[in-house]
Every structure is written in structure tokens, then in C-alpha cells.
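Peer 1: Listed here are the chains, written in short residue letters.
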Amino acid sequence: MTALLEARALRKSFGGVRAVEGISLAVPERAIFAVIGPNGAGKSTLMNLLSGTYQPDSGELLFAGRQLVGLPAHRRVRLGLARTFQKIRLFKQLTLLDNVLAGFHIHHRIPAWQYLLPAAAFWRDWTRCREEGMALLEFVGLADRAFERAGALAYGQQRMLEIARALATGPKLFMLDEPAAGLNSAEVGFLLQRLIDIRARGITVVVVEHNMDLVMNVADHVFVMDHGEYLFQGKPREVQDNPQVIEAYLGGEFVGGVAA
Amino acid sequence: MSVPVRAADGGAAPRAPVVARRGEGGPVSAVAAALRRPVRWPAYAGALVVIALLPIVLGTPYWRGILVVCAMNVLLAMSLNLVIGYTGQLSLGQSGFFAIGAYVTTVLLKSHGWNFWLAAAAAVLAAGVVGLLLAAFAARLRGHYLGIASLGFAVIVYQVLINWESVTKGVRGIYGIMPPPPVALPGLPEISFGNQAALFYLVAGLALLVYLVLDNLVRSPIGETLRAIREDEISAASLGVDSARWKAFSFGLSAAIAGMAGCFYPGFVGTLVPDAFNIVESFTMLAMVIVGGMGTMIGPVIGAVVLTFLPELLRGFGDLRLMVYGVALTLVVLFMPGGIVQAARALVARRAQGGPRA
Amino acid sequence: MTDLLLLFTQQTINGIYLGCLYVLVALGLTLIYGVMNQINFAHADFVTVGAFAAFFVATRWATKWLGLPDTTGYLLSIVAALGAGALLGLVVNAAVFAPLRNRGDELRPLIATIGVSVLLENGQLALFGPIPFQFDSPFAQHTIRLGRIFFSQQSVLVVIVAALAIGGLYAFMKFTFLGKALRAVSQDRETAGLMGINENFLIALTIVIASALAGMAGALLGPVIVLTPFAGASVIVKAFAIVIIGGFGNMEGTIIAGILVGIIEAFTVQYLGSGVIDLVVFVLLLVMLVVRPTGLIAERREENV
Chain A
5 MTALLEARAL
15 RKSFGGVRAV
25 EGISLAVPER
35 AIFAVIGPNG
45 AGKSTLMNLL
55 SGTYQPDSGE
65 LLFAGRQLVG
75 LPAHRRVRLG
85 LARTFQKIRL
95 FKQLTLLDNV
105 LAGFHIHHRI
115 PAWQYLLPAA
125 AFWRDWTRCR
135 EEGMALLEFV
145 GLADRAFERA
155 GALAYGQQRM
165 LEIARALATG
175 PKLFMLDEPA
185 AGLNSAEVGF
195 LLQRLIDIRA
205 RGITVVVVEH
215 NMDLVMNVAD
225 HVFVMDHGEY
235 LFQGKPREVQ
245 DNPQVIEAYL
255 GGEFVGGVAA
Chain B
415 MSVPVRAADG
425 GAAPRAPVVA
435 RRGEGGPVSA
445 VAAALRRPVR
455 WPAYAGALVV
465 IALLPIVLGT
475 PYWRGILVVC
485 AMNVLLAMSL
495 NLVIGYTGQL
505 SLGQSGFFAI
515 GAYVTTVLLK
525 SHGWNFWLAA
535 AAAVLAAGVV
545 GLLLAAFAAR
555 LRGHYLGIAS
565 LGFAVIVYQV
575 LINWESVTKG
585 VRGIYGIMPP
595 PPVALPGLPE
605 ISFGNQAALF
615 YLVAGLALLV
625 YLVLDNLVRS
635 PIGETLRAIR
645 EDEISAASLG
655 VDSARWKAFS
665 FGLSAAIAGM
675 AGCFYPGFVG
685 TLVPDAFNIV
695 ESFTMLAMVI
705 VGGMGTMIGP
715 VIGAVVLTFL
725 PELLRGFGDL
735 RLMVYGVALT
745 LVVLFMPGGI
755 VQAARALVAR
765 RAQGGPRA
Chain C
117 MTDLLLLFTQ
127 QTINGIYLGC
137 LYVLVALGLT
147 LIYGVMNQIN
157 FAHADFVTVG
167 AFAAFFVATR
177 WATKWLGLPD
187 TTGYLLSIVA
197 ALGAGALLGL
207 VVNAAVFAPL
217 RNRGDELRPL
227 IATIGVSVLL
237 ENGQLALFGP
247 IPFQFDSPFA
257 QHTIRLGRIF
267 FSQQSVLVVI
277 VAALAIGGLY
287 AFMKFTFLGK
297 ALRAVSQDRE
307 TAGLMGINEN
317 FLIALTIVIA
327 SALAGMAGAL
337 LGPVIVLTPF
347 AGASVIVKAF
357 AIVIIGGFGN
367 MEGTIIAGIL
377 VGIIEAFTVQ
387 YLGSGVIDLV
397 VFVLLLVMLV
407 VRPTGLIAER
417 REENV
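First to last, the sequence lines map onto chains A, B and C.
The opening residue of the first sequence carries number 5 in the numbering used here; numbering runs sequentially from there.
The opening residue of the second sequence carries number 415 in the numbering used here; numbering runs sequentially from there.
The opening residue of the third sequence carries number 117 in the numbering used here; numbering runs sequentially from there.
So here's chain A without its partners, still in its complex pose:
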């Protein structure tokens, strides 16, 4: 397997606090790659480094062989990286459909003049985006609420909408920041199935997660961080049995499922 995304010795600190300290990792193509670790392990910072929300202080980041460091977040999207946020960031005043439609931003093929006077190409694009947008909403189980405001959705549904919106960018690599946070067990089950579906469509998935059920059930590879540093990586089973990992979790905060 070749690595789709490769990080080498990534470092990031905020005002002297080292959030990510020399992390190297390789995400194989078509994998579901989980990053876990106790609170404050630097997982979210790592996610922000991968997506381009932050730039690293040092280190390298390669996507399909291409250097990502220095490339702002919006440029990385065009290469095929998409993400969701830990603290859900939807366009709350817009409808569900409009949220997803915004995700097609990099995929419009309309001659400039047709923005002023819509003609055939404009309407073709218009129809295609709406059909695909509705299909994406259907995929996350929200098609029947397409015209409601995103802010009106329940928490778990907002997470699913964010996933649909990110998928609209047509990613090769999809990164989810704690997608199961705040979901009930039925919702976690639904999410788990969707992640498998997404991978089945040829999309590589990176998931930063706290929820061990999800990680143990879907991840092919688990990467463990603690205090911004690399701790361990391997198959879910190996991680579960690793004494270092257990100690890191038990020493810090207990997360259900690790000891199980």
C-alpha cells in the first residue's frame, strides 16, 4: 500500500506550549486511519495542521507526493482534502441544501458571463449540483429536511450535515475531527456505517476520535498520541492491548472501551 498522506516530524507550538511535537505518520490509500489520545494530546492541532487551518512550525507534509506545507486550507481542498470540525461549523442561517451546495464551490464549470445572464451551462450546473446535493443529503439521512435552516437541526444531525457538505467537495482524503462526539449509540452506529460507505467509494478516511467503539469497529490503523507526541500505532487490537496506551488513558482520563 502506498501512503496517500505522509507527515514527517510535524511541530506546532502556541506561545511556547508545544501542541504537536515531532509527529510522523503515513496514511495508506483507502484506509480508515484513526488518531486517538487523551484530552490535550494534540489531536485537534494535528488535524488543523493536516487541513491547513494552521501551518506547522517545522516538518513536512506530503499529499500524494506533493508538499502541503505553506499551502492554505482552501488550496488543499482543490487537491482533494476535506474535513469536518470538532466544534461543528455549519452555515447555520442557510438551509441544509444550501450548506451542501456551498461544498460544490470548486466544481462549477460555468462561463463567467452566464453568472450575469444564466444560459445552458449555468442551468446544467444548477441541476447537477442540486441533484448531487440532494443525493448527499439522502446519504446522511436528511433529504426530507433539505429546506430547513441548518441551525434548526439536532446536534447529531448537524454532524451528519457537516459530513455531507464536506463530501460535496469530492475529496480523496476525508478528515473528521471527533465525528462521534455528542452522538447517541444509534447515531454512532449510523456514522460508522457511513464511514464504511465512504471508504467503499474509494475515499481515504482520517478520523480523530474519542469514541473507542467507533475506532475499534471501523479503523484499520490506529495512531496514538499523548502530550503532542507519538505514543504507539498499529491495528486496533494491538493498540487495545498495548500497556503504554492503557497507561496513558488510565493515567489521564478514562475513556470507556479501552480496557474492554
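Keep in mind that the hints were calculated from the coordinates and are not lab data.
Careful, some of the hints might be misleading.
To be verified - Which chain C residues face chain B? A few, computed with CB under 7 Å, are given here:
#, residue
1, ILE155
2, ILE230
3, GLY231
4, TYR387
5, LEU388
6, GLY391
7, LEU400
8, VAL407
To be verified - In silico negatives: residues of chain A with every beta carbon more than 10 Å from chain B:
#, residue
9, ALA13
10, GLY20
11, PRO32
12, GLN59
13, GLU64
14, LEU66
15, ALA68
16, HIS78
17, LEU94
18, ASP148
19, ALA156
20, LYS176
21, HIS231
22, TYR234
23, ARG241
24, GLU242
As the list claims (entries may be wrong) - Listed next, the stretches of chain C that the computed footprint assigns to chain B, with coverage defined by at least 3 CB atoms under 8 Å from CB atoms of chain B:
#, segment
25, 123-135
26, 235-242
The beta carbon of each residue, even a glycine, is placed where N, CA and C say it ideally should be.
Got chain A sorted already, so can you dock chains B and C onto it with the hints?
Peer 2: Quick look at chains B and C alone, frame taken from chain A:
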């Protein structure tokens, strides 16, 4: 809160999300609703009729003059709404672009002997370019900081108008500015813009054209992009949106439209003094946007009409009329938080839902 | 002392005097912004109301009716302007700010303050007319001489009053429970609830303090500016620039920026002429915003994603 979700075991075979065929991807009615194209030509036809009738209904020179002012205000309010309502950038400097439009036109016309239409085009371009410059600030600043920076921009423009006497004539002003030159269309009598009805048709027609263009724009993917920036820039970036670039687009276009309104102002008034572009003018434009309903196309138009005519209708109050205007403005904000448009929509929705008695 | 150094010192002193006036206006804006994230465009008119209140107290009530000496009358008028500002703040808060709060929207309250501004300006116009009032401070005629440097008693008075006001504000913030709560709110909106203090009360208090400062500034500015119902507007744009340069919501930054702008203005008048003051100040503001978008001494905070 329990959330109704599909069976967790994923009982249904996963559908391909990105390539759906029509009618298959979701509940048919919802997809059909998503694909329904809005029909807008009757509204435009209606607007044309209203524009045609207005100078006839309000037939005195005084009211026709107010109509011209109103059409300019509609242009200004629409331009500001693009930046504030659709892109979510607090701009308090719109009077600066209005001023650039007016002064560039007039100076080219009077001091350099340009043809009016050419001067006007140059002025629109100049305002647009300066708008791009202001957008450089918008790329770095957020919220109130941008508000004050743009206010600062307007103050600078105003001060330049006062101090650059060799070109602008300073506070003494420029006098004897002629209206746009007559236009002779083949087969029709010559149209003279010294006639205020003709000037109104010209400015209002342009405003309608700008409305049409903006209306198309905000319904297009560009509108989706601008709204995404308005709602959350970090989120928009995660979808590939280069917000600095699109803010520049929005500011540039907005400034050009404000500049366009400015082109016609000096010829209409006949004189040009810096005080017409005091920063208070920016606030008035903002008030039009808010009172009408920002982030909607029709809102700023309504706001501009209401706030242009309100002071005229309040003339009976004499010296107190602007005070009443202030009270009215405050009350609208207090009791119609979404502006007139949202208040009207809520009213219609309530009617539709439970009848007038509910 | 060389002439150049002399001129420099003289202009710096003039600048500090001017700066103190600006600080008094700008502090209120910063206070309000810090606590409720709100720009108050009517602040200018609180200054004007203060100036008119002071004018009538100093030139009519205190001197003509009560027969007090000019100087006492003027000192009394400063207190009266403070009271007028506070009262106005109380009313405006109850009528406009309080009902509009917590609607999750920055723009509408902003417009409401513009509405209040229009109302106050035109209300005063109806009452006092457009002709400027001649408001002389009895302290302005007496100059103090230190070597070859001159300054008026009025400027000493202004600096003293500003120092007292700033000192009082700091003491209030530092030593009283309410003041501490106020600081807490301006740093983090949610902590106030934790401290068990009614947020509405704190906000009302902030607006009253801010308006009182503005009113008092009006009394001190009255003799300096052209006293018409629109007088405040000439000061307020500069106050906005100061608040930004100092960093929105940052008191120390505002004080430093205010004095700085005063000094810059004094030197601009000396070397470039009084016509370009606003130009210089606002070009500086824009440059400042490019170089340090969060103000002179505020630290940058990375957005939490």
C-alpha cells in the same frame, strides 16, 4: 433529544452519493422542489411598469427630483447590501465610493473636457479599483475593526476632497455642473436629461439592470460562496473558498455600483461640495439596508424608498422631522429585527398558517 | 533650551492636553465595547449633551441665578455634565440597548445607536438651533508660564480631571467587587454569571459610566470646539480611531493611543496645518491596522477551531 436516524446496521444498500440519477437520490418531492427554478420575469415586468408610471403619478418637479434621489439611493443601498448582507463584511465607508464616482466624473468632465459617458465609465472603474484596495483590509480584519477601518477610509476620502483644492476646489465646491448630455436615439425625439423624468428613467433603469445582475449573481454559485463567507470563513475555507479573493470581488463590485450612483449625482444637483459625502451618508445607506432587510435583494430597495420618502412625508413636523426620523429608525430596529421584508414575510406566513384570527 | 526643543516640548504639552480630552471620550467607547461588544455611534451626542448641559449650568444657572463666581460655576458645570451624561446613558440603555441585547446580532444595535444619534442631534437642533454657542471657560484666559513654555489653566484643569477620572476608574475596577466583575465580563462574558452578578446590571452600569465620562468630556470640550448640536461628531471619529489604535476593549491601549493621537495632532497643526489632522490620524489608523490588526498592546489570539 433523540434523533431519528436510519437503522444503524445500514440495512439499505449504500447509495452512491456523488452520482445520483434524477429522482433516485431522495424523496422525489424534495428533489423536485430543489430543482424548481424561480420564475421572476413577472416581477421585473411589474417593476418596469412602476418605474414608467412613477414620474407621471408624482408629476411635480419637486417630487420628480425626490424620485431621482430615490433611484440613486436604491443603487447605493443595493451596493452596500452586497458587502454587508451577502458577504457579511461590516463596511461603513460606502459614502467614499459614492464620492469617488461623483468627483471623478465631474473633474474629468469639467477640467479635462471628457464626454460624460466616458467620464462616468472611468469613475465607475476608479471606484471599483479603490474598492479592491479596501478589500485588502477586509482580508485581514473582522467585524468592527473592518467597520472602523472602512469608516476611516470614508473620512480620508472626505478629507482629501476638502484638502486637494487644486482638483476638487475644496470646500468652495464645483458649480454649474450640467446633467448628462442629451441622447438621440434613431427614430425617437432627443432625450434631454435636464428633464428630471428622463434622468429618473435613466437612473432607475440602471438600478433595475443592476438589480437583475445582482439577483442573478446571488442566486448563482457565487452567491453561495459569498453567503458561506458571511456565515463562517473557516468553514468556507474548508470547502475550498479563497475568502480574500471573494471579498475583493464583493467590495470591488459594490464600490463600482456606488460609484455609478455617484456619476449622476453632480449633474442632478448642479453643484458638488465635499459635505455631500460626509460619513453620515454611509450611516444613512446602512440604515436603508437594515430597515429594508439585509441579505435579501428587495429589502434594501424598500429601505431606500422608505427612508428617502419618510423625511419628505414628515415635512409637516417642521424642524422636528429629522428627530422623528431618528425615532422611526430606532423603532424599526427595535420592533422589526429582520427589517421590513422579514416582518412582511412573517405576517404573510401567519396569515397562511392560521388565518387572520389565529 | 534650543528653540527646536522648546517647540517640541510646547507641542507635546499641547498634545497631552488634547489627548486627555480624547481619552475621556474614547474610554467610554472602549468600556462599552469591552463589556457588550458594541459600537455606540450615539456616544458623540452624549458628549454634545454634556457640553450643552455644562454651558447652561456655567453661564446661566450657577453664575446668573445662584450668583457663584465664574470658576466655581464652571467646575460645577463639569459635575453637572457628568450627571447629564449618566442620566442619558441610563435612559438610552433602558430604551435601546437592553431590549436589543442577546439577539445575537451586531448590526442592528449599531443601527439603533445611529437612530439615537439622529434623534439626539435633531432634538438639540430643535432646542438650541444651529448657531454656535459661545462657551468660554474662565480658566482659559489665565496662562501659566514655566520658563518659555506656556499653557492655560484650562489645560491643567483638563489634565487633572482626566487623571482623576482615569484614576477613579482604575480604583473602581481594581478594588471594588463590581469593578472586578466588570473586568471579568469584558474578558469573558460567561464568567459574570458564575460570579453571581446580574449581567444586565453590569451592562447598564458600564453604559452609565461611559456616558458620564462622555458628558464630562463635553463640559471640558465645550470651550474648545464649535458648540452646535453636531459638535460631538467632530470628536467622535477621532475617538473611534483611538479605540482601534489602542485595541478595542483595551483600556490601557486606549489611554496611550488617546495621548498619542493628541500629540500627533499638535505636531500636525504645527507642521502641516490644521486642515489635514483627520487625514493624518486616519492614514495612521489604516497603516496601524495593516501592521498590528489587534491594536497597540493587545496580543494576538489564534482562533480556536
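Peer 1: All hints are to be evaluated individually against the structure, with a verdict given for each.
Peer 2: Results for each hint:
no. : hint    : verdict
1   : ILE155  : 6 Å, holds
2   : ILE230  : 5 Å, holds
3   : GLY231  : 3 Å, holds
4   : TYR387  : 15 Å, violated
5   : LEU388  : 10 Å, violated
6   : GLY391  : 5 Å, holds
7   : LEU400  : 9 Å, violated
8   : VAL407  : 10 Å, violated
9   : ALA13   : 25 Å, holds
10  : GLY20   : 24 Å, holds
11  : PRO32   : 22 Å, holds
12  : GLN59   : 13 Å, holds
13  : GLU64   : 22 Å, holds
14  : LEU66   : 20 Å, holds
15  : ALA68   : 17 Å, holds
16  : HIS78   : 5 Å, violated
17  : LEU94   : 7 Å, violated
18  : ASP148  : 5 Å, violated
19  : ALA156  : 12 Å, holds
20  : LYS176  : 12 Å, holds
21  : HIS231  : 26 Å, holds
22  : TYR234  : 26 Å, holds
23  : ARG241  : 23 Å, holds
24  : GLU242  : 27 Å, holds
25  : 123-135 : violated (count 0)
26  : 235-242 : holds (count 7)
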